[in-house]
Every structure is written in structure tokens, then in C-alpha cells.
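A.B. asks: Same order as they appear, the protein sequences are chains P and B. Counting from 1 along the first sequence, just add 4 to a position and that's the residue number in the numbering used here. Counting from 1 along the second sequence, just add 921 to a position and that's the residue number in the numbering used here.
Note that these hints are calculated values from the structure, not bench results. Where is the CB? At the ideal position from N, CA and C, for every residue including glycine. Take these hints with a grain of salt, some might be off.
[Claimed, not checked] Pairwise CB distance ranges (calculated):
#1 B:982 to P:39: 36 to 44 Å
#2 P:50 to B:934: 22 to 30 Å
#3 B:1138 to P:144: 43 to 51 Å
#4 P:60 to B:982: 53 to 61 Å
#5 P:134 to B:982: 42 to 50 Å
[What the hints assert, rightly or not] Covered stretches of chain P (chain B as the covering partner; in silico rule of three or more C-beta atoms under 8 Å from a C-beta of chain B):
#6 117 to 125
#7 128 to 135
#8 138 to 147
Spelled out, the chains give:
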Amino acid sequence: MNYDLDLAVSALPLLFLGAGVTIKITALSVGFGIIIGLFVGIARISEFRLLRLLAAVYVDFLRGTPLLVQIFLVYFALPVVTGQHMDPFLAAISACSINSGAYIAEIFRAGIQSVDNGQMEAGRSLGLSWAQTMRYIIVPQAFKRVIPPLGNEFIALLKDSSLVSVIGFEELTRRGQLIIARTYGSLEIWTAVALIYLIMTIAISRLVAYLERRFQVSDRH
Amino acid sequence: MIDIKGLRKSFGDTEVLRGIDLSVADREVVVIIGPSGSGKSTLLRCINFLEEPTAGTITIDGDEVTAQNLNEIRAEVGMVFQRFNLFPHMTVGENITLAPRKVRNTSPEEATQVALALLQKVGLADRIDAYPEQLSGGQQQRVAIARARAMKPKVMLFDEPTSALDPEMVKEVLNVMQELATEGMTMVVVTHEMGFAREVGDRVLFVDQGVIVEHGTPEEIFSHPKEERTKLFLSKIL
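With the hints as constraints, model all of the structure from the sequences given.
C.D. replies: Spelled out as C-alpha cells, the structure:
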């Protein structure tokens, strides 16, 4: 077995480019996922049955089917319906956001339900509407509690985003594949790719741990 | 001020309130006593629909409470909880000004002035920027009373306001409530503080097994109870 260190090192600039793209799709998808998840998560526990039902269908479908299949649906199946070619970047972001939104919805739902029911009662007894109580009282308290699971979701999606390589989108995994196609350095490149993922996930989990500690110090404010 | 007719409430198969009729006059202080599980808290919570009645009507100041006008009615009905339920992520001042600003569209300046005046009444004006966790239980409950008052309610409901307090803090909360009664607030109070019931109550209701067993002046209930169940309850707690 020969490990060609020069090959690995020379591939790094391109791999870092890919890692940047990986972070970008992950951050964008989690960002959109948070917006989707907030609405879907609240819909899951709303007073309206239809909303609850729609939200449950959304969550069940996206958590019950593989992300890879969802990516194919957005990239290959959707254009058949619309007759429009799908841009890989748009497809990657959409699939990941919609998928992540379902998981984040469950995180928010759990976070909201973990807030003492007395808070909702206190808000409502003052004449605030359900939506106002959610917005000013429940969600701000829930948000601090969902930081650790949101961090985990970010890490999970960072790794799962490697799946968008199959539609030719050039994030870290796809960059690695392309370099290997040129150099046949499977060992060097895949270990380098794995290492870069590891560094990113460790950095994020450290960051989340830091945020968690900060909020613990000032738990309530 | 409050008119309750034929109020019933079931949780699943359990009927907790079995036909309650009650009128509370303007400026009257009604104290509800009874064993735990008697339905007294449920009765109180039905008045502002925190529990939706299974049957019966509740009228507050001439308006019947329905699922449609809830927010308007609740703005007129202050509620104080056993566990205070202050908003932990907000300062004392923010706790008190939130509802006036969002529900009544009061300007922040005016709402803050009202908050300060109410805090002065409960002796906590210097804690307006504190967070609830920095206050003792008694102080938190006094803030909760100020928060409810900031909406200028016509009626105030108290759900065992001193039950979660350390004994040495009970008095400071009862004093605030007594002052409130003196100022002419219409109050319905569920409590185990018989001293308060006797001194401040205009009328005492003894509730057991979902019905009002007996009601009368504190003197009548505490010194000359007519019903056996009332006598039995009082003999256990006095």
C-alpha cells in the first residue's frame, strides 16, 4: 500500500472549495428549514385540525422517505411535471431545505411542548391571542431549548448533503469523486474528504456546546 | 358582575362540576373553599374559559363568554395562578407591560408608568428591571398580581395564590390582596387561607364534589355551618 501524500495535499484546494459549497448548502438549507420548521412545528400543535393534519402529512412523508429519493423527485421527477429543466443548485437546496424542515418541525414542536403549560394560560388569561402568546412568550423560551437538537440537525444535514453529489452538484463529495476520476487516488482523496467532514462536524459540535453553555449561564434571560 | 348558570364540566367520564349557579356582585369578594379535588379550581378556571364548560353559561359584566369573544373578555378578567406563571425570559417590567401594549395598544411609555405605579403598590418598584428568577416566591406573586392589574380588569380570579409559597411569604401576598379588596376590586378567590376568607371575604362558598354545598357570610360558614359536609371539612382544617 502506498499513500501519496503529495496527491492528497495537491487536491486540498479543490476539496476546500467543495467543503465551502457543502457548508453553504447546509447553512442555507438549515436556514430555510428553520423557517419551514417553525411554521410546520406550530401547525402540528395548532387549534385547527386541518392544519395539524397537513403538517403531520408533511413531516411523515419527508421523514419516512430517503433523502436520496427526495433529491431524485425534485431533480428528475419535478421537471417532468413542470417541463422546465431543474438547476442542480436549486434542486439541492430545495430538497435539503424541505427535508430538514420536517426534522426541524419536530424539534420545534418538542421545544414548544416543553414550555410549561402555565405560560400559555398566563398569556391567554391576559387577553393575548394564541398567536401572540406563541410569538412573545412560548417561542422565545422554546428557542433556547432547541439549540442543541438544532446543532445536531445541522451536523446530520452537513453529512447528508453529500447525497446531492448524485445530481452532479459539486460539493465536497462530488469534488472528491471528480479528482479520483482524474488521478485514481481513491485512498488519498476519500481519506482527505472524510477528514474534512470530520473537522467540520467537530467544529460545529464545539460551537453548539459553547452556545449551550452560554445560554445555561443566563438560562432564563 | 359575574353570573354563572347551570355550569357543568366533565373531563372524559368524570363530571367535575355538576351544576353550579353563582352570582358575584360588583366589588364583592367571594372566597371558595373546599377539599382538594372538589372542583373549586375548575370552577374558577371555567369563568375565563381556561377550561371550556361542558354546559351552562357564564356572563361577565353583561357579556356572555363564548369561544368567539374570549380574548376581549379575558382582557377584562385578571387571573393570578398558584405557580405565578411569570414569563421567565422577560423582566418584571416587560411582564407587566406586554399585554397592555399588545392587547390595548398602550404606548410603551404609558405602559411603563402604569407598571411602575402598580409595582409601587406592591412594594417592588425597585425591581422593575429584575428577572423573575431573581425574586422570591412572594415577590413573584406580587408581580403577577401587578401584571394582572395592568389590564385594568373588572374582575380578578385567584387560584390558590399562596399555596406554592413558603409560609413566611404568605402574609405579604395576602396583604396585597386585602388592599385590592379594600380598593373595591371584584374578586373570586380559591384558597386554603381561612383567616383571609374570614377577614376579607364578603361571602364564602363551600364546594364539594362539584356542587356548592353551602354559601354565606364568613360568620355563617365558619361559626354556624349548616351542612354536615361543611362541618366535617372545617373540623379537619381549623
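A.B. asks: All hints, please: hold or fail.
C.D. replies: Evaluation of the provided hints:
{"no.": "1", "hint": "B:982 to P:39: 36 to 44 Å", "result": "42 Å, holds"}
{"no.": "2", "hint": "P:50 to B:934: 22 to 30 Å", "result": "27 Å, holds"}
{"no.": "3", "hint": "B:1138 to P:144: 43 to 51 Å", "result": "46 Å, holds"}
{"no.": "4", "hint": "P:60 to B:982: 53 to 61 Å", "result": "41 Å, violated"}
{"no.": "5", "hint": "P:134 to B:982: 42 to 50 Å", "result": "24 Å, violated"}
{"no.": "6", "hint": "117 to 125", "result": "holds (count 4)"}
{"no.": "7", "hint": "128 to 135", "result": "holds (count 6)"}
{"no.": "8", "hint": "138 to 147", "result": "holds (count 4)"}
Against the hints set out earlier in the document, violations occur for numbers 4 and 5.
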